[in-house]
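Undergrad: Take each chain as given, in its own frame, and dock them per the hints.
Chains as they are written, first to last, in the UniProt record's numbering: chain A, 1 to 201; chain B, 1 to 241.
Hints listed in this document are in silico derivations from the structure and should not be mistaken for laboratory results. Incorrect hints may appear among the rest.
[As the list claims (entries may be wrong)] With a cut-off of at most 25 Å between alpha-carbon atoms, the simulated BS3-like pairs for lysine-lysine come out as follows:
| id | chain 1 | residue 1 | chain 2 | residue 2 |
| --- | --- | --- | --- | --- |
| 1 | A | K2 | B | K28 |
| 2 | A | K164 | A | K94 |
| 3 | B | K111 | A | K97 |
| 4 | A | K182 | B | K234 |
| 5 | B | K234 | B | K216 |
| 6 | B | K28 | A | K172 |
| 7 | B | K101 | A | K25 |
| 8 | A | K25 | A | K2 |
| 9 | A | K179 | A | K25 |
| 10 | A | K179 | A | K164 |
| 11 | B | K111 | B | K101 |
| 12 | A | K65 | B | K147 |
| 13 | A | K2 | A | K97 |
| 14 | A | K94 | B | K186 |
| 15 | B | K147 | A | K25 |
| 16 | B | K186 | A | K25 |
| 17 | A | K25 | B | K28 |
| 18 | B | K234 | A | K179 |
| 19 | A | K25 | B | K216 |
| 20 | B | K234 | A | K172 |
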Amino acid sequence: MKIEITGPIKRTKPFETDKEDEDIKIVVPGSIISNRTDFMSGHGTFYGDEDIIASVAGSVRQVNKLLTVQPFKSRYSPDVGDVIVGRVVEVQQKRWKVDINSISEGLLALANVSLPGGELRRKSAEDEMRMRMYMEEGDLVVAEVLNVQSDAIQLQARTLRYGKLGQGLLVKVSPSLMKRRKTHFHDLHFGAKIILARNGW
Amino acid sequence: MKRFNTYDAYQIRYDGRRFDQIRNINFKFGLYPHADGSVYYEQGCTKVICAVYGPRQNRVRTSDDLCFINCQFSLSSFATQNKKKAQRSMEAGRLLERTLKSVIDRSAYPKTRVDVFCEIIQGDGSNLASCINAASLALVDAGIPVKGIVSAVECGVTRGYICTDLNNSEVRGNAPKTVLATLNDKREFIMVDYKNCLHINQMERMIEGGFDANEKIYACRREAILLCTEELRKIVAVKEL
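Here chain B stands alone, though its shape is the one from the complex (with noise of 0.2 Å):
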């Protein structure tokens, strides 16, 4: 059976990386001017529009009494090369979900409902990897107490290498892959889903190098939310305490 092979014979991947390089990350905030959060995100080709809306009043009745996070995500139709009618992942929306409940402090909005909404506008590969990455933005840009910054990423393997932020043409077939997601600078995940099968040696080092990769999409993306923080402080009435 022939093999689909995505690097070449120096070790270079056919979009001119080495194995442990992730892509050009860009951002924007405040595209929807009546959403609280909103954010445009892009890694590589793959390109996400997010907006947050909350903490606002909650309908529905909860059990507890804590912040209800309501999630969707969705691929477009006009996202992939495929032809599909949009679709709304009703496994990466609870995957999404479950992450931003670990991040986001529930307790101090009782009774209210917090709705994330993301949308792939052109799906190349780490699609729900770069759904994190562009909801914890939204949710940096709406406000809302967060225990910190979450980055995420997708891993595979080739051929025994171990490849980060896997594109489009790597992520076809049925390598296993990895998304690996970690709060702030810290080597440890909080959440973490993978797909076909692995082998257990090289789990290990899967890990590993999602956690070099978090740290460097962590690193980019907090410089550059720390300068769009300073460009709003000019514009904006600050409150006396």
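Bound-form chain A, shown alone (with noise of 0.2 Å):
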């Protein structure tokens, strides 16, 4: 019996690259980019014992004086305003911990959402008992990114868009796919609604 293991299908149609793409130099783990005392090194190098060594696989950018290296597939890193689809996995006592394909979970603060209803108001002792009627394990959110620190990701609900989700279906594609527009939040001309989260959701 033949078993045939494939890779995923290999495209037919490129997409067009803009002039200014094909400059962009291509590198592999452990190949030296430049020399030390000329730049700086950013995301995806570190120092080598004179020149500065790239770390991820990916295309080389440079600002001025600072060298970054972007993989072209990770996992998603937050930006502060990003908006992202998180499934919950746990309550705690003043807040929600939400998986969102990322490094580290995003903590949604019960300060930070606002009640169905629409109203914003304080949130006193009995509204933490209520958490778990409003969202419990296993209910997607839709949130935006708040603040993004070394071991934590704040999300926030605030606004009357954002806040759990009901009926639908949930595709995932890689987040390395998903460009930072001004609205992620599109209707279609159908009558269905399409969110299409920074991290891939």
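TA: Structure (structure tokens):
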């Protein structure tokens, strides 16, 4: 019996690359980008003995004296203001822990959520007890990234369009395919709504 | 005592290679779409599938603030000619973990974990070396910052000749074997593991042979990774700084 193991299907029509993209250098981990004296190392690089070495496989970007290498495929790294879709994994005392396909889990604090009904009032002790009635483990929520720290990603869902998601379908794609745009909420003409979150969900 | 010979009178091994030749290497990225990095790696007839998940949230509290690396090395039950149940080698897993610990930049992602799972689906000698090669490729595919690409090879001595990249028939028996891992193309090893007894005079030559083989392995893999990355560039939205 023949067993065939295949990788992803080869694309027949590649997207058109811009003129400036063709000059970008592609590196693999361990390749020397430039010497140490001229540049500073950013994300995706580190200092070797006397030069700057790439640590991921990607394209080299240079802003003034800063050299970074962006990997083409990696876990979602959050920026402030990104719209993301996550799944609640834990209900803690005053916050929800949300899995957003990133390096660490997102934290959605009770104070950063608008209660159902649209009111933005100060949350009392009773609201803490009723957190579970609003969102439980396994619920999907759309939120915005408020703050990114080294060990925590804080989310907020204050406006009306963020919050718990109801009926629908979740499709997961790679986060590197999602560009940042003005709006991530779209209405399709036949009545459905689609949310394109930056973390690929 | 009759010794089993693995090369013929013309000093060519039974699979047609010279003593210092490595086998053909073939790999494919992106085998599992849901894993962060995955690779299907072939070195001759030894086939390994490696998947990397991470960096992701670590539930278990660790004493230090570095990334926790978890490696699992398992040999499928259909991988070798002897009928065995699926084995998980703890020792090989620890060796793999120590190799990757020195290569991954652990301080970049505190309080996270990286899981590396290697499964050998056909074992034809050099099992641990192929797993190390596959794991380093999977790390590159996952976009985890690493110090470089690790190349590993298994070397042995038969009747005074140093053989590199052993296959199944050469691994059997109690001939001395070493697994050598190097980083990029430097001639210093980051992991070495050896079995059975080795004469001290042959150690130097075996290490030199291992370095040479690793250079070849590194060179061909590096070119292939560069080509794969170029392909990926066309279908990915690159973030503006």
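Undergrad: Does the structure keep A/K179 and A/K25 at a Cα separation of 25 Å or less?
TA: 21 Å, holds
Undergrad: CA of A/K25 to CA of B/K216, is that 25 Å or under?
TA: Satisfied, since the Cα-Cα distance of roughly 24 Å is no more than 25 Å.
Undergrad: Please work out if B/K147 and A/K25 have their alpha carbons no farther apart than 25 Å.
TA: Answer holds: B/K147 to A/K25 is near 19 Å, not above 25 Å.
Undergrad: Decide if the proposed pair is consistent with the structure: A/K2 and B/K28, CA atoms, cutoff 25 Å inclusive.
TA: Distance of about 18 Å is within 25 Å: holds.
Undergrad: Within a Cα-Cα threshold of 25 Å, do A/K182 and B/K234 meet the stated pairing?
TA: Roughly 23 Å separates the two Cα atoms, so the pair holds.
Undergrad: Can the restraint linking B/K111 and B/K101 be considered satisfied, given a maximum Cα separation of 25 Å?
TA: Status holds; Cα separation ~15 Å.
Undergrad: Quickly compare the C-alpha distance for B/K111 and A/K97 to 25 Å and report which way the hint goes.
TA: 16 Å, holds
Undergrad: Would you check the hint for A/K164 and A/K94, treating anything up to 25 Å between C-alpha atoms as holding?
TA: 17 Å, holds
Undergrad: Would the hint linking A/K94 and B/K186 be met if the CA-CA limit is 25 Å?
TA: Since the Cα atoms of A/K94 and B/K186 sit roughly 52 Å apart, the hinted pair is violated (cutoff 25 Å).
Undergrad: For the pair supplied as a hint, A/K2 and A/K97, is the alpha-carbon distance within the 25 Å limit?
TA: 46 Å, violated
Undergrad: Between A/K65 and B/K147, does the CA-CA distance stay at or below 25 Å?
TA: The hint holds at about 22 Å.
Undergrad: What's the verdict on A/K25 and A/K2, does the C-alpha distance respect the 25 Å limit or exceed it?
TA: Roughly 40 Å separates the two Cα atoms, so the pair is violated.
Comparing the model with each earlier hint shows violations of hints 5, 7, 8, 13, 14; every other hint is respected.
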